[in-house]
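2 protein chains.
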Amino acid sequence: MIAVTVITHGHFGEELLRTAQDIVGKQEQIQAFGVTSETGVEHVCQFVEQALATNESPDGMLFLVDMMGGTPCNSALLKTKDKAAEIVTGVNLYMMISAFTHRTRLSLKDLALKVAEDGKRAITLPKDLLAKKAAS
Amino acid sequence: MIAVTVITHGHFGEELLRTAQDIVGKQEQIQAFGVTSETGVEHVCQFVEQALATNESPDGMLFLVDMMGGTPCNSALLKTKDKAAEIVTGVNLYMMISAFTHRTRLSLKDLALKVAEDGKRAITLPKDLLAKKAAS
Numbered sequence: 001m002i003a004v005t006v007i008t009h010g011h012f013g014e015e016l017l018r019t020a021q022d023i024v025g026k027q028e029q030i031q032a033f034g035v036t037s038e039t040g041v042e043h044v045c046q047f048v049e050q051a052l053a054t055n056e057s058p059d060g061m062l063f064l065v066d067m068m069g070g071t072p073c074n075s076a077l078l079k080t081k082d083k084a085a086e087i088v089t090g091v092n093l094y095m096m097i098s099a100f101t102h103r104t105r106l107s108l109k110d111l112a113l114k115v116a117e118d119g120k121r122a123i124t125l126p127k128d129l130l131a132k133k134a135a136s
Numbered sequence: 001m002i003a004v005t006v007i008t009h010g011h012f013g014e015e016l017l018r019t020a021q022d023i024v025g026k027q028e029q030i031q032a033f034g035v036t037s038e039t040g041v042e043h044v045c046q047f048v049e050q051a052l053a054t055n056e057s058p059d060g061m062l063f064l065v066d067m068m069g070g071t072p073c074n075s076a077l078l079k080t081k082d083k084a085a086e087i088v089t090g091v092n093l094y095m096m097i098s099a100f101t102h103r104t105r106l107s108l109k110d111l112a113l114k115v116a117e118d119g120k121r122a123i124t125l126p127k128d129l130l131a132k133k134a135a136s
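If you're matching them up, the sequences are chains D and V in order. Each residue of the first sequence is one higher than the last, beginning at 1 in our numbering. Each residue of the second sequence is one higher than the last, beginning at 1 in our numbering.
Just so you know, these hints were derived from the structure itself, not from any lab. A quick note: this is a predicted structure, and the numbers were derived from the prediction, not measured.
Pairs count within a copy or across copies, as identical chains cannot be separated in the list.
Listed next, the in silico DMTMM-like pairs over lysine to aspartate or glutamate satisfying Cα-Cα at most 25 Å (straight line): (1) K132 <-> D118; (2) K109 <-> E56; (3) K132 <-> E117; (4) K26 <-> E14; (5) K26 <-> E38; (6) K127 <-> E117; (7) K133 <-> D82; (8) K127 <-> E49; (9) K133 <-> E117; (10) K79 <-> E14; (11) K127 <-> D82; (12) K81 <-> E56; (13) K83 <-> D59; (14) K114 <-> E56; (15) K26 <-> D110; (16) K132 <-> D110; (17) K127 <-> D110; (18) K127 <-> E56; (19) K83 <-> E14; (20) K132 <-> D82; (21) K81 <-> D128; (22) K109 <-> D59; (23) K109 <-> D128; (24) K133 <-> D110.
Hey, can you work out the whole structure from these sequences and the hints?
If you want it as structure tokens, here you go:
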């Protein structure tokens, strides 16, 4: 099973993980880390190193982070070179549910691609979708 | 200024709002509501009605919700018929920052489209992007 690690600014990543588990059930091999203004970059890098070191899964680790260019993303990039780890930015609830749904059946790279695709597909204007449906 | 209201399962929407403000600065005309297993649909609908009733902005309200088909989305859809309100699903951090960045200069509909576009653009595989850059 591919491990899932969430790193975001503030604490919404931890809450996102809690919410996703309320929906799909309690998950194993998950970790979350919140980066605040008091957290040094070295602490985030240290967390990534420890997450990788303690991961017992041979299938690798998927990092879900908030934004390209932010400390969570940059730390993950820096510390996962040549590791069995993929990173997807722009985490939302559906991406996380998708990760938990497909992580036992897809390869690490395919999971990253699937999660990114599902995350984008979850972004909609529901009023427009319903109007289109009503018009067709 | 277009008001921004966040409704999600659990409490990550409230944390997302906190994190976004840590990045772009304290915001006015914002509200957040977390839906737990104890929250009845009628309470979510009531929150949406109150949010609309107390909104002093003539520019309307943008609802950012977590998922199409969930209680937050369905309640917003039900209670914003014929109101100056747009809904975008799949909320992530970049969508929220985009909403705060552009809500004083765009119309409500254009803001919803911009926020959705930015939210999708924020979903990337940074390792792939860097590899492509290095190869070009």
